[in-house]
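2 protein chains.
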Amino acid sequence: MTTIPELAPEGELDHVKIGDFATEAGASIADVTIAYRRWGAFAGDPHGANNIVVIEHALTGDSNAADWWGDLIGSGKALDTQQWCVIVTNALGSCKGSTGPCSPHPDGKAWGSRFPALSIRDLVEAEHKFLQELGFEHVHAVIGGSMGGARTLEWSLLHPEFLSAACVIAVSARASAWQIGIQSAQISAIERDPFWHGGDYYEYNKAPREGLAAARRIAHLTYRGEQEIDERFGVQAQRDENPLGPYREPNQRFAVNSYLDYQGDKLTERFDAGSYVTLTEALNRHDVGRGRGGLNKALASSTVPTMVVGVDTDILYPYHQQEHISRNIGNLLAMAKVVSPIGHDAFLAESRQMDRILRNFLALSAPDGLDLGPMYVGDEYYI
Amino acid sequence: MTTIPELAPEGELDHVKIGDFATEAGASIADVTIAYRRWGAFAGDPHGANNIVVIEHALTGDSNAADWWGDLIGSGKALDTQQWCVIVTNALGSCKGSTGPCSPHPDGKAWGSRFPALSIRDLVEAEHKFLQELGFEHVHAVIGGSMGGARTLEWSLLHPEFLSAACVIAVSARASAWQIGIQSAQISAIERDPFWHGGDYYEYNKAPREGLAAARRIAHLTYRGEQEIDERFGVQAQRDENPLGPYREPNQRFAVNSYLDYQGDKLTERFDAGSYVTLTEALNRHDVGRGRGGLNKALASSTVPTMVVGVDTDILYPYHQQEHISRNIGNLLAMAKVVSPIGHDAFLAESRQMDRILRNFLALSAPDGLDLGPMYVGDEYYI
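Line by line, the protein sequences are chains A and B. If you're matching positions, the first sequence starts at 1 in UniProt numbering and goes up one per residue. If you're matching positions, the second sequence starts at 1 in UniProt numbering and goes up one per residue.
Honestly, the hints are just simulated from the structure, not real lab data. Positions of the beta carbon are idealized from the N, C-alpha and C atoms, including for glycine. Check each hint, because a few of them may be wrong.
[Unchecked claim] Sample of chain B residues facing chain A (criterion: CB under 10 Å; computed from the structure):
#	residue
1	Ser119
2	Ile229
3	Val235
4	Gln236
5	His286
[Stated by the list, open to error] Simulated restraints on C-beta separations:
#	chain 1	residue 1	chain 2	residue 2	range
6	B	Asp45	A	Asp240	20 to 26 Å
7	A	Gly76	B	Arg356	27 to 33 Å
8	A	Thr303	B	Asp265	56 to 62 Å
9	B	Glu10	A	Asp200	20 to 26 Å
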């Protein structure tokens with residue numbers, strides 16, 4: 001009989017050591033930790049049919065999915081924690097509890113520039129090791145948008161036996177050249193910050209905040225549709241500022257620039273520039289075709305029932321990229337389009353539509369329902 | 001009888017002083033020079049019906065339109081210099097012969113940060129003064145794309161009596177918030193270059209090349225459609241470089257980044273960072289509604305027969321913006337769509353389509369042809 005894995009208390013951050021990790025490109029990271037949270041009780045067989053849904057966060061997201069997907073995860077919500085055991089890790093390379101550039105190297109100093117480049121596959125492999133470390137050899141589904149969607153797609157190709165269904169949202173089968181270009185512009189904004197110190201700024205008492213904020217401002221404009229931003233801000237001046245004065249003054253701003261400054265500043269308070277560079281680079285390297293005979297062969301080889309979701313106004317991952325996945329993937333469960341002026345971020349913002357999409361996905365992925373017996377949480381209690 | 005204006009030799013750069021210039025926002029620039037070129041002989045009345053077509057260049061363009069619109073300007077081409085006298089100035093604030101931030105202030109040093117902020121209207125007013133200085137009170141048409149389109153639209157509202165027709169290409173009636181955001185990201189990239197010195201780098205022996213190149217890389221991604229860039233570069237590595245190595249190395253690039261580096265570097269060799277900031281800021285301030293009762297009232301007040309041209313895949317000035325102009329402008333001559341994967345730059349690159357569009361525009365603008373008598377060039381000769 002299989003042991004029921006011991007899981008983190010409801011909604012609380014916990015950490016799991018997965019040992020040394022070898023990257024796809026051949027570097028290694030010693031003594032890796034993966035942080036995660038869990039909502040809802042476990043039910044079923046850790047090695048077979050069970051009620052685990054793994055959610056994959058986006059670039060600067062984290063394991064606290066009940067925050068950033070608050071309308072969608074919880075009792076009675078689409079990802080109903082009375083029915084599903086939701087597990088969300090912090091990605092390898094990030095800075096919210098999992099090992100990343102700001103974590104201590106075995107020598108005690110931060111990894112910094114010694115932290116290797118990661119691919120999306122590396123993020124998935126680390127998560128796979130994490131789930132195995134917990135005692136799982138199977139989950140019901142993996143769901144994710146943007147960088148989370150890239151990871152979900154790679155999950156379905158790296159470990160098809162590990163999941164019963166996948167929901168791939170607002171992403172492509174590989175980085176497009178445009179994405180690589182605009183993402184590299186963000187990396188460059190950080191690299192050009194004098195406080196970046198080649199990635200080893202942790203030894204200094206100042207972080208490359210300006211560079212990270214500049215990167216985020218650019219990124220934000222790819223996350224939001226131009227019509228939505230224009231409807232909100234147009235050419236309005238920021239209150240008490242005059243962007244039309246006789247001389248250009250950076251502190252006399254249009255409202256949209258004040259908004260973008262806020263988005264940039266806010267990120268510097270919660271995110272590490274090293275992680276931003278590492279994970280952005282992982283997105284540059286996203287390519288499910290690598291080593292699998294090309295993009296369409298890779299997609300065609302997929303056996304996991306996969307739902308593909310896109311946003312009609314997404315300029316970062318345009319809808320034709322999700323159509324491309326849908327047309328070529330080996331086992332298409334369904335396709336859905338979020339209709340919104342918001343652009344890429346609609347998968348985070350359009351809760352009503354996402355609610356219906358995720359409910360539909362789970363219904364399609366378990367058409368006859370799940371009959372899994374009692375629900376456990378760790379070794380402490382069961383319902 | 002009106003004197004026939006003396007014009008620059010065919011295709012050669014010439015300079016005209018227009019005196020002191022007061023900007024829309026209330027600053028002044030002493031002793032302004034406007035540089036220009038001319039192709040084709042003049043015919044008609046400098047104060048009435050004549051064969052002058054004024055072409056307006058884009059942000060980093062210049063008066064040498066026979067270079068950047070080489071397929072469209074010349075004998076037998078759409079802008080047939082056997083029939084039309086084509087005049088192209090360098091915009092106020094630019095760095096190709098007209099007065100801009102790198103020009104000498106009356107004190108002998110460069111204007112630098114003392115150069116005022118300009119609006120699109122300022123660019124037009126300076127050109128208006130220039131044409132009057134030459135002796136003209138009327139031209140047949142004004143044509144321009146992107147920043148040139150913004151100027152063309154402002155021409156039709158500031159001096160409707162001065163032109164018989166306008167062709168407004170790949171632009172909007174005002175900056176969108178998204179444009180302001182992405183354009184400000186470019187300005188910020190330059191400002192963050194330590195060699196920018198607040199705009200007064202001319203006194204130093206180093207220019208903010210890194211910042212200007214970074215700005216251009218971002219800009220270029222808004223000029224080109226993502227499908228076109230992706231078809232060319234995809235996730236290819238630059239020859240002899242490996243962007244997938246175990247550690248991220250900025251000199252191990254994807255092909256698209258090498259291409260963008262080239263675009264950035266090339267601009268630093270031909271363009272001044274101060275002019276780039278000044279003209280980008282002018283684009284941020286583009287708003288035909290300002291002081292005219294709002295956008296649609298301003299457009300409705302237009303009396304100049306205007307052709308509006310857009311590109312279906314333009315992400316910088318999306319096609320719905322040209323539809324907006326067309327729906328609201330007081331005297332719509334025609335509308336045309338360039339169909340291209342290239343995006344915004346299609347108005348420069350899709351010569352075949354632009355040829356037909358410009359021929360159509362000129363035919364519509366002079367349906368009965370022009371009967372103007374002999375063609376003059378300066379006071380030297382006539383045909």
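Tested hints:
1. A least Cβ separation of about 8 Å between Ser119 of chain B and chain A falls short of the 10 Å threshold, and the interface hint therefore holds.
2. Because the beta carbon of Ile229 of chain B sits about 5 Å from the nearest beta carbon in chain A, less than 10 Å, this interface hint is met.
3. Hint status for Val235 of chain B: holds, given a least beta-carbon distance of 5 Å to chain A, under 10 Å.
4. Checking Gln236 of chain B against chain A: minimum C-beta separation of about 8 Å stays under 10 Å; hint holds.
5. The interface hint given for His286 of chain B is met, as the beta carbon of that residue sits about 9 Å from the closest beta carbon of chain A, less than 10 Å.
6. A C-beta distance of roughly 51 Å is found between Asp45 of chain B and Asp240 of chain A, which places it outside the suggested range of 20 to 26 Å.
7. Between Gly76 of chain A and Arg356 of chain B the beta carbons are some 60 Å apart, a value that contradicts the proposed interval 27 to 33 Å.
8. A hinted range of 56 to 62 Å is violated for the C-beta pair Thr303 of chain A and Asp265 of chain B, which are about 47 Å apart.
9. Against the hinted window of 20 to 26 Å, the Cβ-Cβ separation of Glu10 of chain B and Asp200 of chain A comes to about 59 Å, which falls outside the hint.
Comparing the model with each numbered hint stated earlier shows that hints 6, 7, 8, 9 do not hold.
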